[in-house]
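One line per chain: the protein sequences are A and B, in this order. At position 28 of the first sequence the residue is numbered 14 (my numbering), and the sequence of numbers has no breaks. At position 56 of the second sequence the residue is numbered 55 (my numbering), and the sequence of numbers has no breaks.
These are calculated hints, taken from the structure and not from any lab test. By construction, the Cβ of each residue, glycine as well, lies at the ideal position given by its N, Cα and C atoms. Certain hints may be false.
Counterexamples of contact, computed for chain A against chain B with all Cβ distances above 10 Å [unchecked claim]: (1) LEU15; (2) VAL19; (3) VAL57; (4) LYS63; (5) GLN69; (6) LEU70.
Chain B regions said to be covered by chain A (calculated; three or more residues, Cβ under 8 Å) [what the hints assert, rightly or not]: (7) 24 to 33; (8) 90 to 98.
Below, each chain spelled out in residue letters.
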Amino acid sequence: MIGALALAVGLAVGVVLNPTAPSWLDPYLPIAVVAALDAVFGGLRAALEKVFDDKVFVVSFISNVLVAALVVFIGDKLGVGGQLSTAVVVVFGIRIFANAAAIRRQVFKA
Amino acid sequence: MRRVSTPSLALSVLDDLARDALDPAYTAAAARRAALTDPGTVDPDATEPDATEPDATEPDATEPDAVEPDATEPGGRRRAWAVWLVLGVLGVAMAFAVHRQSVQAPAVERARTALIADVRSRTAADRALAARIDGLRAETARQRAVALGRSRSGAALNARIAGLETAAGDTAVHGAGVTLRLADAPADPPAGAGPAGAGSAPADILAPVAGRILDRDVADAANALWAAGARAVSVGGVRLTATTAIRTAGDTILVGFTPLQSPYDLVAVGDPGRLAAGVTGSAAGRRLAGYHTTFGIGFSVARGPALTVPAATVTMPRLARESAR
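Pulled out of the complex, with its shape left as it was, chain A reads as follows (with noise of 0.2 Å):
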């Protein structure tokens, strides 16, 4: 609950500084949230389930997004930073749905 409130308030801090994000920030940030995001629905589900734990989230959100920055970065030295970066968002998106499921599970029981 308190959680949701702080997302909220960071998206309209974002919204009212009405930030342009410094360009070299350009090819990670997407790819950082959508990292992030996976760590917090791996973090609501795990609190559905009453095993969260608020170390354990805060250090996978942190690893979670210096690695996808880690793997875009070496990705675009490498010269296939779009192709790491769509891999990136498969291995998530297909965290984030298994959570999502899992958490409708818990909620819907359905």
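We have chain A; now place chain B onto it with these hints.
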């Protein structure tokens, strides 16, 4: 729990991905915590080995306030703040990303549209300037003719200028002449158009490829017209000057820098009778007439009483010398 018999590596990877979607660290941490605090009242599901199987729906995992107990201890409170901070950062990052997508991507599109509009307006301005140059040149020529016409030597100079301008292609030329039309053979020529058995004949290296007119044919026809005494020649509306090249670029023939398509109309101003006879009697004319009967290319010469050969856009010579003094 991992199916080792999965035949495909890719499938097993995806399988694992969906199966371990919930970070196993969560269950491990929960088990550790439960063992630390109070082993007696632990939720049995958290410590059971099959609790790592996330797809199983535990019947008693419905209580929503799973986070609250930790928040009461001091370390847990600090960590809860870390969770909120991280989520807040995520919110800002999402706003950044969405903003970038919704503002910068259209900006690229806008820049492209602006560039296209720029190109169009510059091309139009270029054309307007070219038209203005033509008008000014015509005006200059008129003024010069008037000024020179006042004296006897000036009049002689006028006549000489007129002759030179015609030769250089600087002015349009009107008069009687001939129109020579060259055209590619119809799409399926050799079957019907070759009475001489074009299919079985050995391939002539000079023959048009599949009945196509080549740059060489157009150039030969133009040279034949010059040789027959043409005063001015245009191909497809492009005036030929001393520096106009007739060449092939890919599949099209370029005259000067203008791409042309079949049919190619060569308009020549001069004595129609001499021109017609000269062209049909020339070597090039006989060769083209032969292609006409053999391959079915279009080749015809028509006399015209009032033809117009347009002026060329003459580039000023960088180095010019009077040939005779």
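Outcome of the hint check:
1. LEU15: violated, 5 Å
2. VAL19: Per Cβ check, VAL19(A) is inside 10 Å of chain B; nearest 5 Å; violated.
3. VAL57: holds, 15 Å
4. LYS63: holds, 22 Å
5. GLN69: holds, 15 Å
6. LEU70: holds, 16 Å
7. 24 to 33: Held - the segment 24 to 33 of chain B has 6 residues with a Cβ nearer than 8 Å to chain A, which meets the minimum of three.
8. 90 to 98: Holds, because 8 residues of the segment 90 to 98 of chain B bring their Cβ atoms closer than 8 Å to Cβ atoms of chain A.
Figure legend: structure checked against the earlier numbered hints; hints not met, in rising order: 1 and 2.
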